[in-house]
Amino acid sequence: MPVVVVGLSHRTASVAVRERLAFAQDAIPPALQRLRETGLATEAVILSTCNRVELYAATDREPAAALEALRRFLLETRALAEPLTTELYACGEPESLEHLFRVASGLDSMVLGETEILGQMKKAYEVALQAGHTGRLLNKAFQRAFNVAKHIRTHTSIQRGNVSVSSVAVDLAEHIFASLAERTVMVIGAGEMSEKTARSLLSRGARGIVVTNRSVERAAALATELGGRAVPFDQWAAEFAQLDIIISSTSAPGYVLDCARLEPLLKLRRHQPLLLIDIAVPRDIDPEVNLLDDVFLYNIDDLQMIAADALRQRQEEIARCEAIIREKIRGILAPAAPGASPDPKLAYGA
Amino acid sequence: MNGLSDRNFFLSAVVLYGVSTLYSALLWRRGFRRDNRVIYLLILAALGLHTVAMMKRGFSLSRCPVNNLYEATIFALWGIAASYVVIGLWRRLRFLGAFASPLLFAAGVFALMPGLDAQGPQTQDARVWGSVHAALVLLAYGAFGLSSVAALMYLSAEHDLKRDKLRAAFTLLPPIQRLELAIGRSVAVGFVLLTVGLLVGAVSLHQSKTTYAAPDAKVIWSAVVWLAYLVLLVLRVRHAQTGRRFAWSALGSFAFILLTFWSSNLLSRIHHP
Numbered sequence: 001m002p003v004v005v006v007g008l009s010h011r012t013a014s015v016a017v018r019e020r021l022a023f024a025q026d027a028i029p030p031a032l033q034r035l036r037e038t039g040l041a042t043e044a045v046i047l048s049t050c051n052r053v054e055l056y057a058a059t060d061r062e063p064a065a066a067l068e069a070l071r072r073f074l075l076e077t078r079a080l081a082e083p084l085t086t087e088l089y090a091c092g093e094p095e096s097l098e099h100l101f102r103v104a105s106g107l108d109s110m111v112l113g114e115t116e117i118l119g120q121m122k123k124a125y126e127v128a129l130q131a132g133h134t135g136r137l138l139n140k141a142f143q144r145a146f147n148v149a150k151h152i153r154t155h156t157s158i159q160r161g162n163v164s165v166s167s168v169a170v171d172l173a174e175h176i177f178a179s180l181a182e183r184t185v186m187v188i189g190a191g192e193m194s195e196k197t198a199r200s201l202l203s204r205g206a207r208g209i210v211v212t213n214r215s216v217e218r219a220a221a222l223a224t225e226l227g228g229r230a231v232p233f234d235q236w237a238a239e240f241a242q243l244d245i246i247i248s249s250t251s252a253p254g255y256v257l258d259c260a261r262l263e264p265l266l267k268l269r270r271h272q273p274l275l276l277i278d279i280a281v282p283r284d285i286d287p288e289v290n291l292l293d294d295v296f297l298y299n300i301d302d303l304q305m306i307a308a309d310a311l312r313q314r315q316e317e318i319a320r321c322e323a324i325i326r327e328k329i330r331g332i333l334a335p336a337a338p339g340a341s342p343d344p345k346l347a348y349g350a
Numbered sequence: 001m002n003g004l005s006d007r008n009f010f011l012s013a014v015v016l017y018g019v020s021t022l023y024s025a026l027l028w029r030r031g032f033r034r035d036n037r038v039i040y041l042l043i044l045a046a047l048g049l050h051t052v053a054m055m056k057r058g059f060s061l062s063r064c065p066v067n068n069l070y071e072a073t074i075f076a077l078w079g080i081a082a083s084y085v086v087i088g089l090w091r092r093l094r095f096l097g098a099f100a101s102p103l104l105f106a107a108g109v110f111a112l113m114p115g116l117d118a119q120g121p122q123t124q125d126a127r128v129w130g131s132v133h134a135a136l137v138l139l140a141y142g143a144f145g146l147s148s149v150a151a152l153m154y155l156s157a158e159h160d161l162k163r164d165k166l167r168a169a170f171t172l173l174p175p176i177q178r179l180e181l182a183i184g185r186s187v188a189v190g191f192v193l194l195t196v197g198l199l200v201g202a203v204s205l206h207q208s209k210t211t212y213a214a215p216d217a218k219v220i221w222s223a224v225v226w227l228a229y230l231v232l233l234v235l236r237v238r239h240a241q242t243g244r245r246f247a248w249s250a251l252g253s254f255a256f257i258l259l260t261f262w263s264s265n266l267l268s269r270i271h272h273p
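If you read the protein sequences in the order shown, they are chains L and U. Just so we're aligned, residue 1 is where the first sequence starts under my numbering, counting upward by one. Just so we're aligned, residue 1 is where the second sequence starts under my numbering, counting upward by one.
Among the hints, a few may not be true.
With a Cα cut of at most 16 angstroms, we get these calculated EDC-like pairs of lysine to aspartate or glutamate [said to hold, decoys possible]:
1) U:Lys162 <-> L:Glu37
2) L:Lys140 <-> L:Asp171
3) U:Lys162 <-> L:Asp171
4) U:Lys162 <-> L:Asp286
From the derived model, a few chain U residues whose C-beta atoms are all more than 12 angstroms from chain L [stated by the list, open to error]:
5) Ser62
6) Ala82
7) Ala157
8) Leu173
9) Pro175
10) Ile257
11) Leu266
For the record, the hints were derived by calculation from the structure and aren't laboratory data. Note that beta-carbon positions come from the ideal geometry of N, C-alpha and C, so glycine has one too.
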């Protein structure tokens with residue numbers, strides 16, 4: 001009795017298609033119940049996230065017929081008339097297990113190596129387990145998938161570093177400050193990237209946000225959104241003594257901050273470290289300030305270079321991760337069916 | 001095994017500390033991106049030999065082997081190596097071996113100087129006070145040693161954060177603010193221990209009822225060290241010295257101790273009669 005998978009993901013379908021096939025959390029248990037009642041599957045788990053909708057099932061039917069029936073079930077349950085021939089994928093063992101392990105390890109994620117999917121997968125499995133829709137086969141498959149994901153996270157660098165500019169900025173802040181909990185962040189200029197970075201810092205515990213912008217209304221709006229306060233653009237230096245991180249993204253033609261302006265302000269801070277993130281082009285902060293003691297300046301090129309390097313490192317790790325997965329799959333399949341040839345991958349319309 | 005003296009075992013341990021120092025250079029170049037098992041195993045093996053050396057010396061004397069400079073130094077180094085082996089059980093912290101190895105190797109080479117392994121006559125009272133004095137002062141130097149290790153880590157991390165930003169992003173080193181705190185705390189603890197240790201030393205000298213015509217080299221040296229660390233703390237607390245200058249000062253002060261400790265002992269009539 002094989003484990004099979006039918007579904008679609010960000011690799012095969014646009015968000016417009018994914019959102020139509022997605023399950024609300026409370027719709028999953030009844031769908032699993034119906035799936036088992038109809039005899040299509042003896043065990044089943046539905047994984048529905050913003051990037052994928054997948055149905056994992058153990059079935060005693062002949063694999064090709066089972067996959068076709070599960071595909072029809074998925075479309076009918078979500079009331080989709082289109083056949084989704086290019087978007088849906090379906091496969092039996094061993095590809096289904098390999099796919100499960102790849103998804104759990106973040107190898108199939110939009111952000112390579114991310115860990116959020118593992119939590120979502122555990123939750124999906126827990127829902128099916130609690131309702132009694134899993135059995136020996138899926139329990140074993142999912143437990144192995146979680147173990148493999150943990151093993152890969154521990155023994156490879158697939159999750160090292162950050163691959164987005166805002167996460168890199170937060171990561172650098174954590175290399176400078178003992179804790180972000182007591183840090184105050186100032187956003188100069190109200191651009192999208194500075195807003196994202198500020199949000200990332202807040203999510204990691206930064207204490208407060210001060211926003212300043214030439215347009216007072218825009219500053220006030222962003223400050224309200226971020227739960228901070230706005231200060232007039234010509235008065236931001238008065239806040240300096242209490243600032244730890246400054247994110248600058250104005251459209252000013254010249255430097256907003258240079259050594260002459262910064263040096264006297266540093267004394268007010270009793271030489272506490274100061275992180276400056278300059279996302280503006282042209283740059284807002286004179287690169288010379290990086291030479292001042294206790295000042296750490298990063299511009300958009302620095303952040304993008306670090307993010308690109310992290311991505312390159314993760315991509316280099318893919319081969320190692322896949323070797324680990326193949327080895328684990330062999331470990332599962334070998335005692336069960338020695339010499340039995342696995343079902344070939346069955347792709348619909350692909 | 002029985003044919004080798006305790007000094008031979010310690011020499012073998014120092015050779016392994018030397019190998020791990022050479023290997024550390026590779027980790028420094030790579031920027032401490034991953035945990036490293038090789039340096040951990042090298043120090044673990046060296047610690048085994050180091051322990052045998054201490055045990056052989058202790059059994060031959062039938063007492064704790066902390067009676068002269070050689071014994072005191074190998075005792076302090078054993079403490080550092082053992083601490084690292086325990087800390088290194090956490091994979092993420094194994095890179096600390098790259099900082100501990102040079103210290104273990106340099107101090108180990110100095111400890112092997114033949115002049116340091118001499119026994120001097122002492123009265124019973126002077127021996128008790130002298131032991132307390134030696135223990136406190138050695139602990140103080142241990143704390144200053146830790147501050148220098150933290151300072152080295154601070155300077156490495158700070159350099160990367162300013163000039164090698166790619167390496168800084170992937171380093172396993174702790175945040176520089178935490179390192180700065182560690183430097184400050186270990187200097188403060190070391191200073192308190194040194195102050196008490198020197199006061200106990202004065203009592204010990206008084207108990208021995210020995211008078212010296214000329215000022216003793218080690219007493220002058222100790223006063224200089226005490227004053228240097230006092231200035232360091234005052235500059236830090238009163239004048240908010242920057243992290244980098246504070247790190248350099250802590251490192252420089254300990255380098256001064258390392259480079260002059262043995263010579264001041266050899267010149268001292270009190271410590272090297």
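So, going through the hints one by one against the coordinates:
1. U:Lys162 <-> L:Glu37: Measuring from Cα to Cα gives roughly 63 angstroms; hence the hint is violated.
2. L:Lys140 <-> L:Asp171: Status violated; Cα separation ~36 angstroms.
3. U:Lys162 <-> L:Asp171: Holds - the C-alpha atoms of Asp171 (chain L) and Lys162 (chain U) are around 15 angstroms apart, at most 16 angstroms.
4. U:Lys162 <-> L:Asp286: Given that 16 angstroms is the threshold and the Cα spacing comes to 14 angstroms, the pair holds.
5. Ser62: Correct as stated: the minimum Cβ-Cβ distance to chain L is 48 angstroms, above 12 angstroms.
6. Ala82: holds, 27 angstroms
7. Ala157: Not fine: 7 angstroms to the nearest Cβ puts Ala157 (chain U) too close to chain L.
8. Leu173: The claim is violated: Leu173 (chain U) sits with its nearest Cβ about 8 angstroms from chain L, within 12 angstroms.
9. Pro175: violated, 5 angstroms
10. Ile257: With a cut-off of 12 angstroms, Ile257 (chain U) remains clear of chain L, as the shortest Cβ separation is near 26 angstroms.
11. Leu266: holds, 39 angstroms
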